[in-house]
Each structure stands twice: as structure tokens, then as C-alpha cells.
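Asker: Just so it is clear: in the sequence shown, position 17 is 17 by the working numbering, and no numbers are missing.
Careful: at least some of the hints might be erroneous.
[Stated by the list, open to error] Each pair of labels, with its calculated beta carbon distance range: (1) ASN106 - LEU146: 17 to 23 Å; (2) ASP42 - ARG139: 32 to 38 Å; (3) ASP35 - LEU146: 53 to 59 Å; (4) ARG135 - ASP49: 38 to 44 Å; (5) HIS267 - ALA111: 25 to 31 Å; (6) LEU243 - GLY5: 56 to 62 Å; (7) VAL102 - LEU58: 34 to 40 Å; (8) ALA56 - ALA258: 34 to 40 Å; (9) GLY171 - LEU243: 28 to 34 Å; (10) ARG210 - GLY89: 17 to 23 Å; (11) LEU161 - LEU126: 43 to 49 Å; (12) GLY60 - HIS6: 31 to 37 Å; (13) ALA211 - THR142: 49 to 55 Å; (14) THR8 - SER247: 45 to 51 Å.
Honestly, the hints are just simulated from the structure, not real lab data. Here the structure is a predicted model, which means the values were calculated and not measured. Idealized CB from N, CA, C, for every residue including glycine.
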Amino acid sequence: LRAAGHTTGFLGDGVNDLPALHAADVGICPRNAVDVAREAADVVLAEKDLTAIDRAVLEGRHSSENIATYLRITLSSNLGNVIAMLTAGLMLPFLPMLPAQVLVQNLCFDAAQLAFAFDRPAAAALRRPTVLRSRDFLRFITGFGLLNAAADLATFGVLALALHNATGTDGEAAFHAGWFTENLLTQALVLVLLRTGRSAAERRAGGPLRAAAAGLAVVGVLLPVTPLGLLLGMSALPPLYYLLLGSVLGLYAVGLTAARRRYERRHPAGVEQERSVRKAGAEL
Numbered sequence: 001l002r003a004a005g006h007t008t009g010f011l012g013d014g015v016n017d018l019p020a021l022h023a024a025d026v027g028i029c030p031r032n033a034v035d036v037a038r039e040a041a042d043v044v045l046a047e048k049d050l051t052a053i054d055r056a057v058l059e060g061r062h063s064s065e066n067i068a069t070y071l072r073i074t075l076s077s078n079l080g081n082v083i084a085m086l087t088a089g090l091m092l093p094f095l096p097m098l099p100a101q102v103l104v105q106n107l108c109f110d111a112a113q114l115a116f117a118f119d120r121p122a123a124a125a126l127r128r129p130t131v132l133r134s135r136d137f138l139r140f141i142t143g144f145g146l147l148n149a150a151a152d153l154a155t156f157g158v159l160a161l162a163l164h165n166a167t168g169t170d171g172e173a174a175f176h177a178g179w180f181t182e183n184l185l186t187q188a189l190v191l192v193l194l195r196t197g198r199s200a201a202e203r204r205a206g207g208p209l210r211a212a213a214a215g216l217a218v219v220g221v222l223l224p225v226t227p228l229g230l231l232l233g234m235s236a237l238p239p240l241y242y243l244l245l246g247s248v249l250g251l252y253a254v255g256l257t258a259a260r261r262r263y264e265r266r267h268p269a270g271v272e273q274e275r276s277v278r279k280a281g282a283e284l
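Work out the full structure, taking the sequences as your base and the hints as a guide.
Answerer: Written as C-alpha cells, this is what we have:
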């Protein structure tokens, strides 16, 4: 079976089963097996029920897919922010965002992404193991990271228009607030729009994820005008900024959706996962 490319499992509980437990890809034994069999096995059943393995595999695939989604979204967003930060650093006479502001922004984004633990997995993710191929992973991060950077740079233009009369520390505080708000709003969009590998019926984000995205957006809009925002070095923004920012976010959402669909056409979830698994010799 292994020579034919199949993944094998063996269930045993005695000393005589040790060679087969070692030779199989997955060695399984019950809890009441002899000590050496339990040590040799990869899986020890807590109860006499093989369906527990099926449930464990499904739960593992669910978790793996959500972890992969978290990595894609986090790294692509961070890459976009780094590119925008470096570009702004070359153009502006002050820091585009203060260290404390970056820390608060990252804490808010990371807290919102905890909702991925409750996200519904794509059907394709439960049929095949999730495999992150480095080349496709880097392409995803680079492509969507550049798109995120484009939205940030467009926001710099919006801030230049909306804050053309602001000078000195007031102008810096308003710029910090504007970019902080835009960052959290774009990240809220990413949470719900950049979940790949799902059919149209699965596209709608679950309640916890929608609530997390909404909370992130509310924090992004309101925090700069709170006492904490003032303490962090931010200030209120003119209404013109929010009007122009709405246009940037709308274009970003359209671009994000189009780029995601293009990515999914090039990397169909079920096909890519099957190819990856076969290539690794671990088809389940």
C-alpha cells in the first residue's frame, strides 16, 4: 500500500504489533494496550471508538485552515504597512505613526483576529489537509501586501488634501489619527473579504468574525477623539477626511474582492490542496 502511494494506518495493542505500528504512517492503539505499544503508537484512543479519529482529523483541518487564514491576512497587512511606513518616512519630516500608536493598532488587530477561532471552515478545507506552499504563500502575501500599501499611500494623499491648513504638532496629530483610522478600517475589511477558498454560499462571515470586524472599525473611528487618543498623540479629524476616506475604502474593497477572485481562479482550493498533498506523499 505504501509503495502505491497510499497512507497507511495500523491498529494494534500487543507486543507482536510493534513492527507494524512502527512501519505504518499512523500507528493506533487503545488506551489499555501494553506500554510498549502505546509508546510506539502515534495515536492512543481514549475510548473504543474509531470515529474519534475522524472527529480529530476534521477538527485539526478546521484549525489548520484558520491558522493559514490568520497568517495570510496578518503578514500581507503587515507587509503593506511596512511599505507605506518606509515610503512615508522618506516623504514626511515627522514619523507617520508613533511607536505607541503602532502598538495599540497591532493589539486591536490581533484581538479582532481571535475571532478566526470561531470562523466556519471552507468545505474544501475539510476534504483535504491544508498545505501552505511557500511559493503560493509568498505570492499571496506580496500581492495583497502591495494592494494594502496602495490604499495606505492613497490615504496619505487624502490626508494632504484634508489637512492642508493644519501645521505643526496639530497637523502631525491629525495625520497620526487619520492613518490610524484608515489602518484599522482596511484591516476590518480584510477580515471579512480576504477569506479565500470558499464558495459563494460560504462567503458570508460568521457572527463572531463580523462582530470583531465591526468592533475594529468602531475603535478605528472613535479612539482618536477619546482621551486615550489624545494621550497617544492623536486628534479629531475634519469631516472632509472621512468623506474622502470612504472613497478610498470603497476602491480598496473592490480591488480586494477582484484580487481575491483572481487568486482563487489560479489556486482552486480543492485542486491545490490535493496536488500539494500528493506531492508530499501524504494524501488522506
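Asker: For every hint, state whether the structure bears it out.
Answerer: We went through each hint and held it up to the structure:
1. ASN106 - LEU146: 17 to 23 Å: 20 Å, holds
2. ASP42 - ARG139: 32 to 38 Å: Between ASP42 and ARG139, where Cβ atoms are some 33 Å apart, the hint holds.
3. ASP35 - LEU146: 53 to 59 Å: 56 Å, holds
4. ARG135 - ASP49: 38 to 44 Å: Roughly 40 Å apart at Cβ, these two residues keep to the hinted range, so it holds.
5. HIS267 - ALA111: 25 to 31 Å: 29 Å, holds
6. LEU243 - GLY5: 56 to 62 Å: 59 Å, holds
7. VAL102 - LEU58: 34 to 40 Å: 38 Å Cβ-Cβ, so the 34 to 40 Å window holds.
8. ALA56 - ALA258: 34 to 40 Å: Given a distance of about 38 Å, which is inside 34 to 40 Å, the answer is holds.
9. GLY171 - LEU243: 28 to 34 Å: Between GLY171 and LEU243, where Cβ atoms are some 19 Å apart, the hint is violated.
10. ARG210 - GLY89: 17 to 23 Å: 35 Å, violated
11. LEU161 - LEU126: 43 to 49 Å: 48 Å, holds
12. GLY60 - HIS6: 31 to 37 Å: 20 Å, violated
13. ALA211 - THR142: 49 to 55 Å: For ALA211 and THR142 the Cβ distance comes to about 30 Å; the hint is violated.
14. THR8 - SER247: 45 to 51 Å: 58 Å, violated
The structure does not agree with the numbered hints 9, 10, 12, 13, 14 stated previously, though it agrees with the rest.
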